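Number of protein chains: 4
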Amino acid sequence: MRILLSNDDGVYAKGIQVLQQALSQIADVITVGPDRNCSGASNSLTLLNPLRTQTLDNGFIAVNGTPTDCVHLAISQLLDHTPDLVVAGINHGANLGDDVLYSGTVAAATEGRHLGLPAIAVSLAGREEAHFATAAHVTVEVIKKLKSHPLPADQILNINVPAIALSELKGIMVTRLGRRHKAETMSSDTDPWGRKIYWYGSLGPELDAGEGTDFYAIANGYASITPLHVDMSAYKSMDTLEQWLAGIRL
Amino acid sequence: MRILLSNDDGVYAKGIQVLQQALSQIADVITVGPDRNCSGASNSLTLLNPLRTQTLDNGFIAVNGTPTDCVHLAISQLLDHTPDLVVAGINHGANLGDDVLYSGTVAAATEGRHLGLPAIAVSLAGREEAHFATAAHVTVEVIKKLKSHPLPADQILNINVPAIALSELKGIMVTRLGRRHKAETMSSDTDPWGRKIYWYGSLGPELDAGEGTDFYAIANGYASITPLHVDMSAYKSMDTLEQWLAGIRL
Amino acid sequence: MRILLSNDDGVYAKGIQVLQQALSQIADVITVGPDRNCSGASNSLTLLNPLRTQTLDNGFIAVNGTPTDCVHLAISQLLDHTPDLVVAGINHGANLGDDVLYSGTVAAATEGRHLGLPAIAVSLAGREEAHFATAAHVTVEVIKKLKSHPLPADQILNINVPAIALSELKGIMVTRLGRRHKAETMSSDTDPWGRKIYWYGSLGPELDAGEGTDFYAIANGYASITPLHVDMSAYKSMDTLEQWLAGIRL
Amino acid sequence: MRILLSNDDGVYAKGIQVLQQALSQIADVITVGPDRNCSGASNSLTLLNPLRTQTLDNGFIAVNGTPTDCVHLAISQLLDHTPDLVVAGINHGANLGDDVLYSGTVAAATEGRHLGLPAIAVSLAGREEAHFATAAHVTVEVIKKLKSHPLPADQILNINVPAIALSELKGIMVTRLGRRHKAETMSSDTDPWGRKIYWYGSLGPELDAGEGTDFYAIANGYASITPLHVDMSAYKSMDTLEQWLAGIRL
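Chains as they are written, first to last, in numbering that gives the first Met the number 0: chain D, 0 to 249; chain L, 0 to 249; chain R, 0 to 249; chain F, 0 to 249.
With the rest of the complex left out, here is chain D:
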């Protein structure tokens, strides 16, 4: 099996290094990641400037672009063989609920899916680097399973693993995305020259973290797996919309 590995924290981050080693036990792994921390990059593309690559001593390829750029560039230009699977992570910090919309790690997986490949995003819900090993272990097990149980062609898996030892992990839950409360997450300040600046700050409190959500799984010591679909069309609303549009006279 050939795996393309990427992330959004950048190619020098601990999480991608641990995952590269774990995946190398079961597959040929090629790692192509951003040369800088791209947290919050979402599915952004570098359209106005060209991309460049640099191969590091450990064989990782660093790209001066976003996670989406990395996966697109790798598959369309850099790799000799199309990979069998795209894996993104291990993200430093959780990607739960609304986070998935902004996450560059989830975006790297989505880009793999767009290019026709099965794809998985993996995040450590916590900061204790020792527990990247737990997330790597879960990922390897899921991938083994994936071989015989392929995903639908328009979906990816979003895995979050609590930052605890493997021995403490209670299991894996299939979940839906919860929601954070988004308001009040930005603060204003002044820079040292007295000019007003604004920062994103702490994450909002949870708004929907009830049973069945990814928040709930993590809070209770389970790894969370959420299937995400890539097609954003809201089919259910089409009829209604059609009715009220009928009244518009251009």
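Don't read these hints as lab results, they were simulated from the structure. This structure is a prediction, so every number in the text was calculated from the model and none was measured. Among the clues, some could well be false.
The list makes no distinction among identical chains, and a pair is therefore deemed to hold if it is satisfied within one copy or across any two copies.
Claimed, not checked - Only pairs whose alpha carbons sit at most 35 Å apart, straight line, appear in this in silico DSBU-like list of lysine-lysine:
id, residue 1, residue 2
1, LYS144, LYS195
2, LYS146, LYS13
3, LYS169, LYS13
4, LYS144, LYS169
5, LYS169, LYS143
6, LYS195, LYS235
7, LYS181, LYS195
8, LYS181, LYS146
9, LYS146, LYS169
10, LYS181, LYS169
11, LYS13, LYS144
12, LYS143, LYS13
Let chain D serve as the given structure and place chains L, R and F on it in line with the hints.
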């Protein structure tokens, strides 16, 4: 009615100026957009650096950030009153099919929705600036209708309008997202110093542009309205996934 | 006379607009400036990415690059006729003493000189925008004089004007660069996520602001003109250096 | 002896790694460099965003800023002890003649000088990485000499070494800066979307490369050492300027 207007082409672009004037006929409009072209920004956030604002002579507020930053900053920090609606556009160029995943204009609308507000993204499917007026007209009519027919709380509308005169427009179609073929859209080159570089290039050919899609509507002279839902959870796959995960032993 | 006008605060700044109007009384002026605030850009070049231009409604040309890029691009690619003079400013804030090393405005003038043209940098030593008119007036008078008294081929003029009404200006002093004390100008802080960050802060106190310096002129109500030479070779030290190098055995 | 080492090619470049090892034979070396290639950064400062550091596995500290930022941050915030010397390099490619104005490597040395320290910039005039060893050797020998022959307080040394084996090096010449012809170094092109772009291209041909210049030394197989002074005041022109200004009536 109060409208927050943003875009991804930047606050100096023609499309946002035309739309601001049209919307001002029916609402109080506050315009907050990026200070530079952010095409392809998707839902990216500026997490590592602070945001700054500058109010221009025409009252528009320019932000050194992404479309998502603009909407989030406006609603959480800049506006005295929460707006009734978020509008993003008029985008210079179409946002059809897979484009919505990468579009900063669609992302601006999505961010409005995340913060609890109805939201619309508008794009001109073509480059002839004279026809921004057509897109502006369609947008105004849809907004008038929206007052009495509110959208579901987890959806936005993605409007694309062909670049033709209003008199030639055949009507409005409710559509689902089509798909572009993604492969082969990147090319390699060398910079003037002989170093290898890579560029995204022309958009892929259409892979699913059949009847019912947004591509189809535009190709046939109709404005396209696609309802998009924001929750990416793939509810349908949860049972299946649960079954095969049962076999994993950690 | 043809003048190429640029700055480092960006093409939307008040200072360049006031100066453009004043210079238009005595010359054909073409304005090419950065599309964003580039304070502190020094002589930096954009080598890894391409430059792009956008012509604004007022005829100014905005470039996605540094002040040096603007002057180089204008002279080598954009202008039909080589200008007779390069003017940079009016800078928002003083460029005194060591500031000239970091100033993008001074760098724009230096680039003009490198390309073989007489060049002047102008800064307002203060923030009261009403007094840009004073700096513009001084600049126009100096330029008139410059026609009959050309500068040496390796020098530029660095003009600073106090932020006072023209009627209060005591005159113009020819000065040498003073010096600021550089230490203790940086501070550390944490971002909202608890990560350590560092900012440049307030300017250092003056270390050499005695009679004859540019600091002294401004402090006493005079405009300051400092001739700057572009060749950094330290001719005086060459003999000494040659002697002690003689002892090196490779 | 304590040495602060920096560069402009970035902390992952080969040149800074070779020099770090050579300098470690004669001093305690702390390496603080940009996290990305900053060629052409000149003395630019990061004023609008905060700086961040990351300590790499090899002990090098990577900064998300310019070479000037690195030296300023290191001396004012990061180091426990003020270093005795600032060294910048080994630059990948020559810094000869006008290049010094744009070079981030020379700027790193200049910043050391501004903060009161002796400073040296070192460049390899060629691309063959095997010969970084020659440049490192010359640098070490010059530093040994510098201990007993301090530089004037307002000067730095700019060293260029030809990309040849040490055994082929003919010696060291003290030089003045030559000059390149600057015109015709930019080219225009179109990006894959058909929009016009401009690139800096090949370096200009030599305009002044005669005996005594740094160009001449390199071309003849010698290392070149040019003393550069930091004060740009053109003292010689002050009298003349004073005379013609006398005629200005404000």
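Verification of the supplied hints:
1. LYS144 x LYS195: Classified as neither: same-chain Cα gap 52 Å, cross-chain 39 Å, threshold 35 Å.
2. LYS146 x LYS13: Result: close within a single copy only, 27 Å intra versus 41 Å inter.
3. LYS169 x LYS13: within (25 Å within a copy, 47 Å between copies)
4. LYS144 x LYS169: For LYS144 and LYS169, only the intra-copy Cα distance (19 Å) is at most 35 Å; the inter-copy one is 51 Å.
5. LYS169 x LYS143: within (20 Å within a copy, 52 Å between copies)
6. LYS195 x LYS235: Neither: 44 Å inside a chain and 44 Å across chains, both beyond 35 Å.
7. LYS181 x LYS195: both (22 Å within a copy, 25 Å between copies)
8. LYS181 x LYS146: between (38 Å within a copy, 24 Å between copies)
9. LYS146 x LYS169: Classified as within; 24 Å inside a copy, 49 Å across copies.
10. LYS181 x LYS169: within (30 Å within a copy, 40 Å between copies)
11. LYS13 x LYS144: within (25 Å within a copy, 43 Å between copies)
12. LYS143 x LYS13: within (23 Å within a copy, 40 Å between copies)
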